[in-house]
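Trainee: Spelled out, the chains give:
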Amino acid sequence: MKKNMKKSLTILISAVMLLYTLVGCGTGKEDENKEPVAQSGQQETAEVPAEDNDGASESTDGWIPEKAITIVVPYDAGGNTDIPTRIFAKYMGEYSDVDVNITNIVGAGGRTGVKEVMNANPDGYMLVLQSSGFAMQSALGVADFTYEDLDAVGYFLESSLALVVSADSPYETLDDLIQAARENPGTLKMGSVAGTLPLFAAMYLEKENDVTFNQVDLAGGSKAPELLSNRIDTYIDGFGAVKQYIDSGDFRCLAIFSSTPVEGYENIPTLDALGYENFEYLKQNFGLWAPKGTDKEAIAYINNLIKQASENEDCNSQLKEISYNAMYSTSEEHEAILETIYSDFSEAAAGIVQ
Amino acid sequence: MGELIFLGILAIIGVIMFGMSFGFQTSLLDKSGGPALYPRIVIVVLVIFLVVRCVMIIRSQEELKKKFHFLEILQGSRLIYLLLLLGYAVIIKPLGFVISSVIFAVIAVTFLHKKQYGTFITGKKAAVLYPIMILSIVALYYVFTNYFNVLLPGGILDF
Amino acid sequence: MEFLEILSNVLNPQCILLIIAGVIIGNVFGCIPGLNGPIAVALILPITFTLEVIPSMALIMGIYMGSISGGLVSAILLKIPGTAASVATTFDGYPMAQNGRATDALSYGAFASFFGGIFSAIVLLLLAPILANMAIGFGPWEFFGTAILALSLVCSMMKGRRVKAFIAVAIGLLLKTVGMSPVDGVAVRYTFGNYMLENGFNLIVVIIGVFALPEIIYNVGNIHAKEKAAKVDKRWIFIPKLREIKENLGVMLQSSVIGTVIGILPGMGGGAAGLISYEQAKRTSKHSEKFGTGYEPGIFSCESANNATSGGALVPMLALGVPGDTTTAIIMGAIAMQGITPGPLLSIQQPEVFKTIIFIVFVANIVLFLFQISTIRFMAKIIKIPKFLLFPIISIFCVIGIISIRNSMFDLFSVFLFIVIGYVLDKNGYPLSPFILANVLGNILEENFRRAIIYYGNFGSCLQQVSIGTLFFAMAILVPILMILLDRRKKNKEGQQKA
Chain C
90 MKKNMKKSLT
100 ILISAVMLLY
110 TLVGCGTGKE
120 DENKEPVAQS
130 GQQETAEVPA
140 EDNDGASEST
150 DGWIPEKAIT
160 IVVPYDAGGN
170 TDIPTRIFAK
180 YMGEYSDVDV
190 NITNIVGAGG
200 RTGVKEVMNA
210 NPDGYMLVLQ
220 SSGFAMQSAL
230 GVADFTYEDL
240 DAVGYFLESS
250 LALVVSADSP
260 YETLDDLIQA
270 ARENPGTLKM
280 GSVAGTLPLF
290 AAMYLEKEND
300 VTFNQVDLAG
310 GSKAPELLSN
320 RIDTYIDGFG
330 AVKQYIDSGD
340 FRCLAIFSST
350 PVEGYENIPT
360 LDALGYENFE
370 YLKQNFGLWA
380 PKGTDKEAIA
390 YINNLIKQAS
400 ENEDCNSQLK
410 EISYNAMYST
420 SEEHEAILET
430 IYSDFSEAAA
440 GIVQ
Chain L
-18 MGELIFLGIL
-8 AIIGVIMFGM
2 SFGFQTSLLD
12 KSGGPALYPR
22 IVIVVLVIFL
32 VVRCVMIIRS
42 QEELKKKFHF
52 LEILQGSRLI
62 YLLLLLGYAV
72 IIKPLGFVIS
82 SVIFAVIAVT
92 FLHKKQYGTF
102 ITGKKAAVLY
112 PIMILSIVAL
122 YYVFTNYFNV
132 LLPGGILDF
Chain A
906 MEFLEILSNV
916 LNPQCILLII
926 AGVIIGNVFG
936 CIPGLNGPIA
946 VALILPITFT
956 LEVIPSMALI
966 MGIYMGSISG
976 GLVSAILLKI
986 PGTAASVATT
996 FDGYPMAQNG
1006 RATDALSYGA
1016 FASFFGGIFS
1026 AIVLLLLAPI
1036 LANMAIGFGP
1046 WEFFGTAILA
1056 LSLVCSMMKG
1066 RRVKAFIAVA
1076 IGLLLKTVGM
1086 SPVDGVAVRY
1096 TFGNYMLENG
1106 FNLIVVIIGV
1116 FALPEIIYNV
1126 GNIHAKEKAA
1136 KVDKRWIFIP
1146 KLREIKENLG
1156 VMLQSSVIGT
1166 VIGILPGMGG
1176 GAAGLISYEQ
1186 AKRTSKHSEK
1196 FGTGYEPGIF
1206 SCESANNATS
1216 GGALVPMLAL
1226 GVPGDTTTAI
1236 IMGAIAMQGI
1246 TPGPLLSIQQ
1256 PEVFKTIIFI
1266 VFVANIVLFL
1276 FQISTIRFMA
1286 KIIKIPKFLL
1296 FPIISIFCVI
1306 GIISIRNSMF
1316 DLFSVFLFIV
1326 IGYVLDKNGY
1336 PLSPFILANV
1346 LGNILEENFR
1356 RAIIYYGNFG
1366 SCLQQVSIGT
1376 LFFAMAILVP
1386 ILMILLDRRK
1396 KNKEGQQKA
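Residue numbers (the numbering used here), protein chains in the order written: chain C, 90 to 443; chain L, -18 to 140; chain A, 906 to 1404.
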C-alpha cells in the first residue's frame, strides 16, 4: 500500500514536471522567436518619434500600460477577420512596451465576445473588435446593445465587398445580372450569410434596382464551393476572401462596393463608377471598442498605437497581400461614423423582422 | 415502470418545446421553412419513437419489472460526491480556482480515502500528500493562465 | 531534384525539432478534455508569424497530428474522451485497460493512428485535386443526406435496442436546437433569455458531462480497498504484434477510407468518423458481440478513422481554400499570414509548398508514432493511481476543460444537466454513441435541411433531385426498416426450428 502511494506521488510530481518542462521549452522558443520582431520593430521606431511629435504625443503621457493589452476577436481564430487583426495587433505591439494579444471569444455572431468585454473591468487592458455586423444585429433586434454601450477607440482596418460570378457565367457585367434578376424575379440564386454585411449588400442591390434575388443562405466556409459547383449564381463577400479565385480564373468579379478601385484590380468597376450612391455603410471596416467608462487617456494611448501601426509600411504591405487596408480615425470620428452606420442599418433592416 | 415515467417526462418536455416554437421570431427573408420547422420535426419523430417504446414496455412483463436506474446517483456516497462537485462549481468564481480547487481536492480525497480504506489519511502520508496536492493545483493554475491563455478565475487571491 | 529539395527543406534539425515540439504539445492538448487541437494551434499562431513558411508548417502540422491522436490516452485509461474524435475509443479501450491490458490498448491506438494518418496522407498526395472536386459536388442536399444516413446507420446497427437508439438521437438533435437558429439568423430558440445559451451547448461540455463525470460518480459508489492490480509491462517500446496487425488490417483499411472521406466533407470531422467506423467495424465483424468488452478491432477502427480525417480535412483546404474542420481553418489562417493563399492556385503556382506540407504530414505521423509508443510505459501508470486520488484529479481537469472553452461559469452548471442525461441514458440501455453523433451532426443536419429547401423551393422538390443526397435520404429511411424486418425473419426462423 505504502509503496503504491509513493509511486503515485512520483507520477504526480513527474506529471507536473512534464508540464513545467513543456512550458519551459515553449517559452524558450517564444523568446528566441521574438528577437527578429523586436529588431525589425526597432528599425521602425527610428522614424516614429518624429511622427509622435505631430500632436499625438501629449495623449501618451497620461496612461502607460503595465501589462499586456488584450484584443478580443469575437470570431474564429484564423478567419477572415482574425488574421488582419492579428497582423495589425502585432504592429501595435511594436509601438508599445507591452504586448498586444489576441483572444478569440466566439459565439452568437460575435456577441458573446462583445458581452464579455462589456462586462470586463474598464481599465484599458480589454478591448473588442468592432465590426459592422453588430450594427446589423442591433437593427435586426438580435443584439441588445448598441455603439452607445461601449466606448469607441478608433477604426484600424478597411476592406470592400465584392460581387462575384462563376467565370463561365453568362453575366459579364452587373447590369447583365440585374437584368436577369428583373426578367426572372426571385429565381437568381444569390448567396449570403444571415446577419452579415453581404446580406445587406444584396438587399441594397435589390432595393436600388427594384429586383428580387433568391437569397440563399450559405455557411461561412462553403461560399466558394457553392459557386465553384454552380449551385448558386452569384455571391457577395469581402474582396480578400474571393481574390484568390479571381486570380485563378474561377470567378469573375462584377463590382466592388467602394468608390475607389482596388490596387492591382483597376479593371473591376466600383459601384461608384456604375452610378450607385449611398452605399458607404456597406464597407467592411473594423474598429476597436473598449468597455463603457474606460479612462479617456487609456483610449487615447491605444488610439495612438493604431495611428502609428497604420502608418507602418510593413504593416500596410502585409495587409494589402490579403486585400485589407490599414486605416486610422480618431475615437470621436469612430463614434460619429458608428452613429450613422447604426441608423443606416436600422433603416435598411426595417421590414426584415416580423 | 420507471422507464415509462422517464419517457413521459421526455414527451412532456417535447410538447412544451413544440408549444414554445410558435413564439420564435421569423425573418421575412427566410424561405427555409422558418426556425420552428426543424425542431417540430425532431419533436414529432421523438414522440413517435417514445410511443413505440412505451408500447414495447407495456406488452412485455419483463420490461415492466426492470429497474430504472436514476435514483442511485442521488443516494449515499454518490450524492455526496455530486454535491461536492456542485459546491465546487458554486465557489470557483467567488473564491477563485486555486482556493476552491484546494478545498474540493482536500475534502474529496479525504472522503474517498475513508470510503476506500475505511480510515483517514494520517501521519507521514498526510504530511506529504496534502502539501503536494496544493502545490500541484497552484502549478496548474500558473501553467494554464500564463501559458495556455486559459482565464481560470482568480477570485479573491487575484494573482 | 525537386524531391531532394523538399527532403532537405523538412529533414533539417530545426524542422524536426519543431515537429517533435508540435507533436508533444498537440498530444498534451488532445489528452485534456476541453483543450483541443484548435486551441493549441490558435495559441501557437503568434509564434508561427516569426517563423519561415516551412518551419511554421512543421510546428502546426505536428500539433494537428498530435492533438487528434492525443485523445486516445485519456479515452483508454480514464474513459474521458479528450475530444469527440476519441469517443468511440472509450468503448473498447477502457474495458481493455480495466482488464489489465492498458499498454496493449495504447499500443493498438498508437499503431492505428499511425496507419490512418499515413493512409490519408498518401491519399492527399495522390488524389487531392480529384477529391477536392468531389467535395465541391456536395451541396446542402447532399450534406443533409449524408448526415441523416450516418445517424440512421448508427441507430440501425444497435441490434436489440434500435428504438432506444432513435430516442437517443432525437434527444441529441433536440438539445442541439437550443440557441441561435442557423440560416435565418434572427430567431433565438429555447434560451429563456440567457445569452450564454445563444451558442447552444458546447460539444465538449456534453462529452465531459455525458462520459467522464457520470462514470466517476457511479464508481464512487463502488470504490473498494481491493483494486485489481494493474500490470504495466516494463518495456520501453510497445508495438502490436504482427499477428494482431494482420488480423486488423481489414478493419483499419475500411476505417481509414471512411475517415478520409468524412474528413474531406467540411464540417463532419473526427467525431463522426470515429463513431461511424466503429459501428461499421462492429457490423461487419464476425464477433460483433465482443465489441464493447475490450475487443481489439474496436480500438483499431476508431483510432485509424479519426486520424485519417486529418489528411482528408487538408484536401479541401489545400486544393480549394475551404477548411475541412476547425483546426484546418486556423491552419489556413496561419498559412495565409505567411503570404501564401491555400486554394486552387497553390498546387499550380507553388507545387513545392503543396508537396512540402504533405511531406511534413508524413514526417509528423512518424514522429507521433515514435513518441506515443515510447511514452506508453509512463502513460499507462496513470491507472495505477489509487481511485481516491484519481477521481478528484479527473474532476479538477474536467472543470478546467469546461472553463477553458470560453471562460463560462454557465457551462460549468449546465454540465450537471448532462451528467443526469448521460447517466440515465447509459445505465438504462440507451446507447450513447447515437446521442453524441446527434450532437456532432445536429447543426449540419438542420442547416443543410433548411438550405436545401431554399435551393429547391420545398422538401418535395428536394426529393426529386437526381443526386446522391436523395439516394442517401432514401437509404436512411429504408435501412432501419429492412434491418428490423430481416431480424424478425431470422427470429421467426429460429423459433420455427426450435419448435
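Among the hints, a few may not be true.
Partial pick of chain L residues on the chain A-facing surface, computed with a CB cut under 8 Å [stated by the list, open to error]:
no. : residue
1   : GLU(-16)
2   : ASP11
3   : LEU27
4   : ARG34
5   : GLU43
6   : PHE49
7   : SER82
8   : VAL83
9   : PHE85
10  : GLY135
Taking lysine-lysine pairs in the DSSO-like style, the calculated list, with each CA pair at most 27 Å apart, reads [said to hold, decoys possible]:
no. : chain 1 : residue 1 : chain 2 : residue 2
11  : A       : LYS1289   : L       : LYS95
12  : A       : LYS1292   : L       : LYS105
13  : A       : LYS1289   : L       : LYS106
14  : A       : LYS1064   : L       : LYS47
15  : A       : LYS1286   : L       : LYS106
16  : L       : LYS105    : C       : LYS156
17  : A       : LYS1289   : L       : LYS96
Simulated from the structure, these hints should not be mistaken for lab results.
Using N, Cα and C, we set each Cβ at its ideal position, and we do this for glycine too.
Trainee: Determine which of the earlier numbered hints do not hold for this structure and return their numbers in increasing order.
Mentor: Violated hints: 5, 8, 10 and 16; rest satisfied.
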